[in-house]
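Sequences and hints are given; from them, build the entire structure.
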Amino acid sequence: MPSTQKPMRYGHTEGHTDVCFDDSGSCIVTCGSDGDVRIWENLDYDDPKSINVGEKAYSFALKNGRLVTAVSNNTVQIHTFPEGEPDGILTRFTTNANHVVFNADGAKIAAGSSDFMVKIVEVTDSSQQKTFRGHDAPVLSLSFDPEDTFLASASCDGSVRIWKTSDQACVTSWPLLQKCNDVINAKSICRLAWQPPSGKFLAVPVEKAVKLYRRETWDHQFDLSDSSITQTLNVVAWSPCGQYVAAGSIDGCIAVWSADTQEMKHEKSYTICGLAWHPKGGQIAYTDTEGNLGASIKISHLHDKWNRTCTQG
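In terms of full-length UniProt numbering, the sequence shown is numbered consecutively and its last residue is 313.
Just so you know, the hints here were simulated from the structure itself, not pulled from any lab data.
There is no bait here: all hints are sound.
Restricting the straight-line Cα-Cα distance to at most 35 Å, the calculated cross-link-like pairs of lysine-lysine (DSBU-like) are:
#: 1; residue 1: Lys-130; residue 2: Lys-164
#: 2; residue 1: Lys-63; residue 2: Lys-208
#: 3; residue 1: Lys-49; residue 2: Lys-63
#: 4; residue 1: Lys-130; residue 2: Lys-63
#: 5; residue 1: Lys-187; residue 2: Lys-280
#: 6; residue 1: Lys-179; residue 2: Lys-130
#: 7; residue 1: Lys-200; residue 2: Lys-187
All values derive from a computational prediction rather than experimental measurement.
Structure below.
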């Protein structure tokens with residue numbers, strides 16, 4: 001059964017965009033290179049609420065009424081949500097942060113920067129910070145393990161690393177990506193993600209497939225791929241139930257596996273750089289590098305093409 005796709009909406013100026021649902025799933029939230037965060041209660045509504053967070057927004061995260069943004073003055077800052085009132089600066093880097101994420105309970109954020117550094121910061125006490133050193137190029141993406149034991153990071157140095165959050169030790173590293181010297185030159189931003197609720201698998205977009213690595217052993221378990229994917233995958237996201245994986249490519253293809261593929265073709269084939277599941281599943285919101293926002297609804301009847309689900313071992 002094919003998914004139902006809503007028309008794309010212009011959301012931001014051309015450039016990198018990010019997207020998520022609020023905790024309740026009642027609205028879609030986006031940020032863009034115009035420095036605005038926009039709150040969409042309905043894609044058919046022409047006047048979303050806008051919160052200006054800076055000259056340029058590189059990434060944002062939303063949880064528990066807190067909006068955290070990585071902006072062009074090299075800071076990671078916090079606003080109240082949905083009011084948009086400034087609520088302080090969590091941390092600074094020597095250059096811009098490229099990705100910011102919350103942990104499962106919203107007590108901490110992690111941010112990765114073009115100065116090669118990764119930081120974990122306590123939201124209610126920003127003096128409590130940990131710095132993770134080891135990447136040799138800008139950090140592309142981060143993902144907290146749902147159990148808060150590990151942090152995954154991807155970098156322009158070509159590596160995906162797993163860090164232990166308690167002591168900042170790198171427990172393993174895989175040379176998976178094409179090396180480059182800057183995020184703008186990266187073939188993929190490699191938005192990687194842990195499987196909820198336990199983090200059993202880490203999903204990493206590599207070339208035209210999603211690679212699945214098992215927690216603790218760090219063994220490569222299997223790949224998810226499809227003949228419809230002809231260009232590099234840029235971003236992955238797990239459904240809240242942990243049974244489905246969605247991936248978006250640089251040419252606008254979105255695929256969902258459980259394993260049997262339901263594919264949505266992006267209307268204008270721009271690079272998909274943001275992907276988010278509704279908190280109750282069944283709907284995916286996505287954004288592209290032209291500033292557009294789209295949503296697919298009624299994703300259902302996914303079957304097991306490869307006789308395995310994402311919860312099998």
